[in-house]
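There are 2 protein chains.
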Amino acid sequence: MIATRHQIRPGAYYDSVVLMQLQRALAGLPGVVDAGVVMATPANCELLTASDFDLADIAARPDDLLILVRAESETAADGAMAQVDELLRQRHAPAADYRPRSLRGALSQLPDAGWVCVSVPGRYAAAVANEALDRGRHVFLYSDNVSVADESALKRKARGNGLLVMGPDCGTAILNGVGLGFANRVRRGNIGIVAASGTGLQAASVEIHRLGGGVSQAFGAGGRDLKAEVGGLTTLQALRWLAADTATAVILLISKPPAAEVAAALLRAAQTCGKPVVIHFIGYPPPGRRVGNLTFAAGLADAAACAVALTQSPIPQSQTADLQPLTGFVRGLFSGGTLAYEMWLGLQPVLSPLGSNLSPPDAGQPASQAHIILDLGDDAFTQGRLHPMMDNDLRLRRLRREAADPAVDLILLDVVLGEGAHPDPAAELAPAIAEATQAGRRVLVILIGTDDDPQNLPAQQEHLAAAGAAVVRTVSAALDYVYDRLPPTAHGDPPVSFAAGALAAINVGLESFAESIRAQGGAAVHVDWRPPAGGDERLMGILAKMKNQGIGE
Amino acid sequence: MIATRHQIRPGAYYDSVVLMQLQRALAGLPGVVDAGVVMATPANCELLTASDFDLADIAARPDDLLILVRAESETAADGAMAQVDELLRQRHAPAADYRPRSLRGALSQLPDAGWVCVSVPGRYAAAVANEALDRGRHVFLYSDNVSVADESALKRKARGNGLLVMGPDCGTAILNGVGLGFANRVRRGNIGIVAASGTGLQAASVEIHRLGGGVSQAFGAGGRDLKAEVGGLTTLQALRWLAADTATAVILLISKPPAAEVAAALLRAAQTCGKPVVIHFIGYPPPGRRVGNLTFAAGLADAAACAVALTQSPIPQSQTADLQPLTGFVRGLFSGGTLAYEMWLGLQPVLSPLGSNLSPPDAGQPASQAHIILDLGDDAFTQGRLHPMMDNDLRLRRLRREAADPAVDLILLDVVLGEGAHPDPAAELAPAIAEATQAGRRVLVILIGTDDDPQNLPAQQEHLAAAGAAVVRTVSAALDYVYDRLPPTAHGDPPVSFAAGALAAINVGLESFAESIRAQGGAAVHVDWRPPAGGDERLMGILAKMKNQGIGE
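If you read the sequences in order, they're chains F and E. Mapped onto the numbering used here, the consecutive letters of the first sequence carry residue numbers 1258 to 1810. Mapped onto the numbering used here, the consecutive letters of the second sequence carry residue numbers 1258 to 1810.
Heads up, some of the hints might be wrong.
Which bits of chain F does chain E cover? Going by a derived footprint, with three or more residues having C-beta under 8 Å, they are [unchecked claim]:
hint : region
1    : 1497-1508
2    : 1530-1542
3    : 1644-1658
4    : 1671-1678
5    : 1682-1695
Okay, the calculated bits of chain E under chain F, using three or more residues with CB under 8 Å as the criterion [stated by the list, open to error]:
hint : region
6    : 1304-1314
7    : 1360-1371
8    : 1478-1485
9    : 1549-1557
10   : 1715-1729
Over 10 Å on every C-beta distance to chain E, these chain F residues come out as not near it, computed from the model [as the list claims (entries may be wrong)]:
hint : residue
11   : 1274
12   : 1522
13   : 1663
14   : 1705
15   : 1730
Because the hints were derived from the structure by calculation, they are not lab data. For each residue, glycine too, the CB sits at the ideal point set by N, CA and C.
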């Protein structure tokens, strides 16, 4: 005769380790079949229902603590429930050594602590992180269920003071060889990592270690850092830190796909950082495999492999002599649709606005304004007319128009040789290219052809170059050309700094995180943290007002 | 005193080479400043306007031929226009040798011709292609401006008869070493190419040649082949042809991103084709760098480099002993969000429907149905509870539920070791894994950790394996595991075949294409094609009805 009992404790705060231990203790009592100790979120309730608990008549709210017992008899069920308070008391037994109750107290005990690790429940986390910033410490914010508004406010405040906020929902970091949160023990080395999420960083660092490489520093940014609301603040800070770090030779950047404007800022920062950067935006269409100093990886294991390979054989320096940054618009006049599309795709993250007449983008907009990539072989142009690979008339007209536009800096052309194509495209294009370069435009030609093609590849190349065009052989090389000339991004943020050597941190929340810092040779003081006002929301609000310590706007 | 003149010739058909020559001849006449000879499409009119022609008072329709002259004087302008008919007559002078006027006539002259190249204007192209199919010939359809409905009908008809239709808007193919349309002269070799678009194929084949590799055959499919309406018919036929071809060691597949359902069919076909396949879906988020026999490239140059590298060092055979194809659903129960996301991304093209609680996909749908990837570390599950890396309770409950579901074949788990994580996850998971495998489920564990991690990696691995789990170390390897077990795709299409040796083709349209086939050592007969009924739409309709030769439904 199965019997079930439940208790609801509204809005009560318990450490989640304590709750796990309570559930295990209850489940281990004689006659008890199963026990559940959870916050009554819909996901947790759905799961308990699937585990044969009947929650139909239980009216618990998501922030209520729900304690359930299913036992073989009424007596066993009642007996188990009667022990709940006693079990909770046991788990709350004070530690033998003295533990500070506040961040202030902990910092007086370990004044060198540069970092504060926060893993208290989400609704308390922003306030703790804010206090850490006020005390001039970097924050490792493990807690989840923190609002985007709080995240943005914390990060803006941190940035203004040369401080880092990793997280919220930052599972992992490795600083000076010591892992925070969940972190694998990996070799120290010359690969610096910035990752949004915890397991992405873990999987990549493990794979780097497996491949014989090592990690200089690994920063977490939190899963939402690259969203438009946050703007990649932490990722950009970490990227700049690694760019300046002499121990870091290669940077690895891992994240879910960023918001478009954040991706642009990030790629620009990465492109101008002076080191090879491997980028793995999971599920993001890569603009190429290697573009300038950027390598776009597909998969965590691939990202790690690329990073390790780059530490062994660095990317050769760009061969291009003239590296004047772009000062005007880029206009691409393509005869090949796929070449145009690949060029558009590669430039799209870094040039904005970038128009095109390509499908799917914004078809049928061939106006010359801002940056634009045109496929002049598109149906709209070729009806009743030869393809631009055979008939250059259309391109020549367009080329002269772009050449006359002082807002244009760079004109991109493809010249495709081979059977069926124009017998001497360079002869037709060269005069217009010369006009353009004399008018102050730069012209870059992607010359597609083989040494066996009927047009005589070297002669074509020479003719185009003599007219003043830079000539490359692939879209990839053309992207390199543009990326190498992106204007540098400016920022006036104070630099982030932290002490080298053994890591010292204050830990607020899950005690095991303090233990693992010590196990790795770092120093950690754990705060015996309790929620303000015993977790009572109303009282907390009053206290916060009294302290006048609110973060955000 | 600048003078302009124009003529409109409604619905007239002229070969586009003739029109180009007319424009050049007019522009070269004494006193003429510029000339335009175009079909009056909006794009062409916009361009002429930009070239200082005033079209404001000219009421030409898109399928009208528009002839424009701008000259230094009234006399010169009138003089030029007076010569239009004479210039057109010169260009229409009959060739010295006899040329058949019909496909039938051409085929009686070159009965071995296996291919018909069609480059007549779009509105006539489907009928010519259809006749070629009726006569049992493969079609290279260069023409653009052909409707999707016609394309689909032509390709369905072709497939039913073991014939290929490359195109419409197929710029390039290389068959038996001879390029059709626009094609570069490249070394013959063991890389087979299927590409949607012309210049993608050209750029990749040029790069293969530059890297020392060579091409067995290169098929074009047309830019719309991978759209849902067409269903990738030609690409699938070409892929199967290359899979069966003994001269082809590596297959390269290039296209803009396919429709989702077409991508699935294509990846399944590629995965089971028995050869390494390099895939470059331009702008498509790659599910990994290498998944099973598939390599996902980023960029045309990268795609070529991958293909050449694979001819030199083939992918090692899968190490997994048990290769039973999947017969039920895949259920992933992840503790790591990024691992879950990467797994979801990798499986998404091949398992359908594939649910998840990941953002951005379909957040908050943790129901167990069909294939599903769950992130149990999501905020919805972790409120007030330890992360599943520390507390396995949630996963154990879910695992037992999946184990009891006979519709499930494969359960995926990640086990993440390291600081902060559970001290012995294998001990907790192993009993439930053993239950699952005894119930007939397969369990695959992605074990993330290093040899320095506190949990003892080899012991964890051994414990999990002893419980019946297959253990891999990366998401990439887990994707391999699944891809290697995808059920083979069945198709009952008759095989496509064509004669080896020198290529023989009939050419209808641009004469230069016939010339270039001959220049490459192939045989070609050019048809002196004229549109039926002189291009008169109404008469054409009547003729078509009389012939009762319509294609389509």
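Evaluated hints:
no. : hint      : in the structure
1   : 1497-1508 : violated (count 0)
2   : 1530-1542 : holds (count 4)
3   : 1644-1658 : holds (count 9)
4   : 1671-1678 : holds (count 7)
5   : 1682-1695 : violated (count 0)
6   : 1304-1314 : holds (count 3)
7   : 1360-1371 : violated (count 0)
8   : 1478-1485 : violated (count 1)
9   : 1549-1557 : holds (count 5)
10  : 1715-1729 : violated (count 0)
11  : 1274      : violated (6 Å)
12  : 1522      : holds (20 Å)
13  : 1663      : holds (17 Å)
14  : 1705      : violated (5 Å)
15  : 1730      : violated (7 Å)
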